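Colleague: Generate coordinates for the entire structure from the input sequences, incorporating the hints supplied.
Protein chains: 4
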Amino acid sequence: MLRTGLLGAGRIGHVHAKAITGHAASELTAVSDYVPEAAEKLAAEYGSTARTTDEILADPQIDAVLIATSTDTHSDLIEAATAAGKAVLCEKPVDLSLDRARACQAKVKESGRDVMLGFNRRFDPSFNALKQALDAGEIGKPEMLAVTSFDPALPPVEYIKVSGGLFRDMMIHDFDIANFLMGEPPVTISAVGSSLVDPAIGAEGDVDTAAVTLSYADGRIAVIRNSRRAAYGYDQRIELLGSKGMLQAENMVENTVVKSNADGVTAAKPMHFFLERYMPAYRIEWDAFVTAVTNGTPFPATLADGVTALAMAEAATRSRASGAPVALSDV
Amino acid sequence: MLRTGLLGAGRIGHVHAKAITGHAASELTAVSDYVPEAAEKLAAEYGSTARTTDEILADPQIDAVLIATSTDTHSDLIEAATAAGKAVLCEKPVDLSLDRARACQAKVKESGRDVMLGFNRRFDPSFNALKQALDAGEIGKPEMLAVTSFDPALPPVEYIKVSGGLFRDMMIHDFDIANFLMGEPPVTISAVGSSLVDPAIGAEGDVDTAAVTLSYADGRIAVIRNSRRAAYGYDQRIELLGSKGMLQAENMVENTVVKSNADGVTAAKPMHFFLERYMPAYRIEWDAFVTAVTNGTPFPATLADGVTALAMAEAATRSRASGAPVALSDV
Amino acid sequence: MLRTGLLGAGRIGHVHAKAITGHAASELTAVSDYVPEAAEKLAAEYGSTARTTDEILADPQIDAVLIATSTDTHSDLIEAATAAGKAVLCEKPVDLSLDRARACQAKVKESGRDVMLGFNRRFDPSFNALKQALDAGEIGKPEMLAVTSFDPALPPVEYIKVSGGLFRDMMIHDFDIANFLMGEPPVTISAVGSSLVDPAIGAEGDVDTAAVTLSYADGRIAVIRNSRRAAYGYDQRIELLGSKGMLQAENMVENTVVKSNADGVTAAKPMHFFLERYMPAYRIEWDAFVTAVTNGTPFPATLADGVTALAMAEAATRSRASGAPVALSDV
Amino acid sequence: MLRTGLLGAGRIGHVHAKAITGHAASELTAVSDYVPEAAEKLAAEYGSTARTTDEILADPQIDAVLIATSTDTHSDLIEAATAAGKAVLCEKPVDLSLDRARACQAKVKESGRDVMLGFNRRFDPSFNALKQALDAGEIGKPEMLAVTSFDPALPPVEYIKVSGGLFRDMMIHDFDIANFLMGEPPVTISAVGSSLVDPAIGAEGDVDTAAVTLSYADGRIAVIRNSRRAAYGYDQRIELLGSKGMLQAENMVENTVVKSNADGVTAAKPMHFFLERYMPAYRIEWDAFVTAVTNGTPFPATLADGVTALAMAEAATRSRASGAPVALSDV
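Protein chains in written order, with the numbering used here: chain A, 1 to 331; chain B, 1 to 331; chain C, 1 to 331; chain D, 1 to 331.
In short, the hints are calculated from the structure, not lab data.
A hint or two may mislead.
Because identical chains cannot be distinguished in the list, a pair is counted as satisfied if it fits within a single copy or across any two copies.
What the hints assert, rightly or not - Distance condition first, Cα-Cα at most 30 Å in a straight line; then the derived DSSO-like pairs of lysine-lysine:
no.	residue 1	residue 2
1	Lys244	Lys131
2	Lys161	Lys244
3	Lys141	Lys18
4	Lys161	Lys107
5	Lys141	Lys109
6	Lys18	Lys41
7	Lys131	Lys141
8	Lys141	Lys161
9	Lys244	Lys107
10	Lys107	Lys141
11	Lys41	Lys244
12	Lys161	Lys41
13	Lys109	Lys131
It should be emphasised that the depicted structure is a prediction, and the values quoted were computed from it without experimental measurement.
Modeller: In structure tokens:
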């Protein structure tokens, strides 16, 4: 039984609490939050106890911590938790600062441990089935990847302001999926982006609509498209052309009902947002963490993966600003 | 070059004129209609000549006739045209009277010739691809067939009155498709039907909504559903369950555009009606006729097929009236 | 907190244990099984206690029982549990004997209580969305229903022998779905069926492939098709034609990956069987039970619904044997 | 009746001959080719006459010419034919040299006439339905376009050598579709490309796999992906995200048959190549030309459109070579 402390009782904290308590080999031993009432509320809901983060890290009975706090605390908590000997699963991104993330990575490395990064999409059953088909050689050598990732609606501008921008906050998932599928990071990154949905986002120096092209050492290509607003819901698709065929992962939809009438043939929309769409992925992610910790095997998404994705976000941000491609080795 | 006389210049006559003139190895030599102006109009449109039916049948330069007149004239014209030595393609059904159709069949048999029946759906590219996959053993032994065949809208009640009823006029296509796919006629036929769309149809003793079950000697089953009114268009689907899988032929749609918005994900409707949906089938049907006549090979849909389908319609009509299953051997 | 006793620790008992323990307002207080070890194993797995059925029924601390035992015990347990004042959710079918089921229904009626029947498909999100669209008038008046329900593979012949036959064991779900959607039972039932998958099933007097037609008082029609073996998985579809359009509930699939190569464009199969396909439905069913018991509101699927579906199975069985339609009022 | 001379009797010439002869208001008066036998063969097939290009241009009885010769002759023939007072439909691209194309454009402008460019995809029924839905405001303001355009197989390297390269030969269609849908040319073009399919193509300085990003003055974005080899057929899709939803034009498929078995649920491949996929578009294109000439109304795809698309191909070629974005105003 993996005794787990959950740091952070916000929206994503609830998702993880559900996964931790729903797993036969883990228990939610304690919860902390910088708003103590939030920790108490979540703890009550899942039959756990609210404590401070320091108490949790100091408790030798606690085996693992899941870091679901705000991004600016991730590096510090990763360092503290690994120093305290905990197994760590940390939400993405590692940090908004690439330098800070790299320092964290160095410190963790010294400890001889690794940290699992919460790139939940690697665990999505459909994306995973696509990966397995790819690895089984079903489309030959992958040549051109296209990732479509649109949110259903704009977050509040306050959120945007502290998010680190679309590339670090939103596209970071897609950068990691590209690495997951292409098997290596790209050499060059070229980004365009605009604030078409809300000019207030542009006023903050950020974008809400973007397209990024990744070029690989052997000439392969990936294209990622993001929008903060798809009127029809949460659009999460992958398409990978290979030498012998193509693999696509299509959207998961709300239900399977199809209505045919004088206006056309209408199916249900994609599931509305990530809590619903990726709940199975969060459960599988947690199971992968529990399994790796229990067996002492490597994590399927590491701190290094998190730093690489963050470096890609940094390169994309620079490319968008300068209008020129950026070599990943230059960031 | 197959010199062809077209008997009947109505809606279906135009379809066939298009197929005949669009074929490299046939020409539309003459057209007749009991309304001479109709024949003249069609002839002008396709660069042909209007003549009387008698003239066409008497002309030794004419090799083939396509009978696209009203159903009550089919048997007479089949007999006259085969007697005149023409190759004959006749629209379905052979006749509204099963006795008359059988007499016609006997007479044609005496002539030592055969006649091709216009069961256009056998030539539909998708239905044909389904048949080929079946014959190739792709789903093993066929066990249960389901045919869905809905018209977009009610025909005028005047048409209904002389149509012979839904089973002879509309479901006859589906009876033939069942025979085409199951490889033999059924033993027993059980029909239910109602006039749900328009009570005036019920007042005529006919139905507009019907389901028919066919039972085969070896226990196999087919279900055919018909409606005279599908608000979304012309619904023409086949589904065949076999021991190793299932084959479905889905609708052909107006275009491939899909719109996703807050109301759902909407694709185009099925093509509206048979002229559009089955135009490729009519062309392939004509090509099959030309090829069979030219090569002296058997027709892919024969007068016997027409009589069998008509007998099934008769059995279904009786079963609907009596409420009990009817053996095909009893009609 | 609804304190619940689970009677029956077999495969379906595990499904319900998952739903009961996963619900915030219910707890799995005790489990019984005629094989005590099975009860103990399930109890251990879900943090519950194994007891005898008598102990559970006698315990005033237990509010509700879920009957998931073998069918031949359902009526007795329903009577005993309602007599003991428990709220009852019983798996389908009520009984294999229509007379016994009716006697049970009469006895429960005397008690002034009702019992919820486990027609899980009424709670399937897609079937439910279809029902809501129907009730919202989106296709006008329903006219012709088609239910497709194929199992992936034959059960053991031993199971078949005690199952009551395909109509009582398997199609009973589809009879209930027809009642659910059409809003009333049919007047007449006409069935055909064969043992195409395994002659051993025919030797037992049962069928593995069947088509049933339901005729309603106002002329509406429903067609149900069942097969015990669909090589591609668990095929569960509904199609309802109405005066203004059509509603379809399509299969739920294993994942959303599509592979395009020289052989075609291949999507995932339907989810393999009912445990996986209907797990969400079982959870929603349980929630509906908890809510109805808590609020004292009527059950969304009642003992009367169970008896009606059983009567339809009886009528279908007789029709299949006699080859003639059977009036539901005659069984 | 538009009396038409067809210049060029190659593969695409046959496509146009079919459209010209199949149109009620045009006739194929004469055919020329630099291989006289080719012209004679095509003429015989369609009941026309083989003549020289000079004869055709000099014949005052000929109203229109369709230029379907090799690209290097387009500009000269456009100039000669407009000078001879013919209505002209010319296949894309205008020329491989942007300078030559611009000179041609200037000369035609002097003549006070316009020339229609054969951007057949503008006339594809599905792409056109997408455009109409866009113009009707069904997705609000268009924000991000994605065009997928993959050929089924590599052309011979000899063809590649004289083709002008992927951007001028293949992606030029997609550049024009982007202009058609976005309503204006982009400001900046950024291209990546590789020879992943065949290194011999790279040895020629060309690419077989490419992604191009177009940036518009108001911040909108378009992404075009091309590959010379999709193992599953001819992949031609458009996807346009707007402020209120998304429009997609999916592939046209060979037939509507779906096979479900133990391996999955398999549908037919996309139609194999452009002759089949775009035949309806070629017919509609020709009808649009005939209508514009007859009514004296503007062409729906002009020489200016051809020059703009060619400039975009030039910019993409330069961007691919330099690795930096290129302003369209700089070419």
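Colleague: Now tell me if each hint is right for this structure.
Modeller: Here is what the structure says about each hint:
no., hint, in the structure
1, Lys244 / Lys131, "both (15 Å within a copy, 28 Å between copies)"
2, Lys161 / Lys244, "between (44 Å within a copy, 25 Å between copies)"
3, Lys141 / Lys18, "neither (38 Å within a copy, 40 Å between copies)"
4, Lys161 / Lys107, "within (29 Å within a copy, 55 Å between copies)"
5, Lys141 / Lys109, "neither (33 Å within a copy, 49 Å between copies)"
6, Lys18 / Lys41, "both (14 Å within a copy, 24 Å between copies)"
7, Lys131 / Lys141, "within (12 Å within a copy, 35 Å between copies)"
8, Lys141 / Lys161, "between (41 Å within a copy, 26 Å between copies)"
9, Lys244 / Lys107, "neither (44 Å within a copy, 47 Å between copies)"
10, Lys107 / Lys141, "neither (37 Å within a copy, 49 Å between copies)"
11, Lys41 / Lys244, "neither (53 Å within a copy, 38 Å between copies)"
12, Lys161 / Lys41, "within (28 Å within a copy, 53 Å between copies)"
13, Lys109 / Lys131, "within (28 Å within a copy, 55 Å between copies)"
Violated hints for the displayed structure, listed by number in ascending order: 3, 5, 9, 10 and 11.
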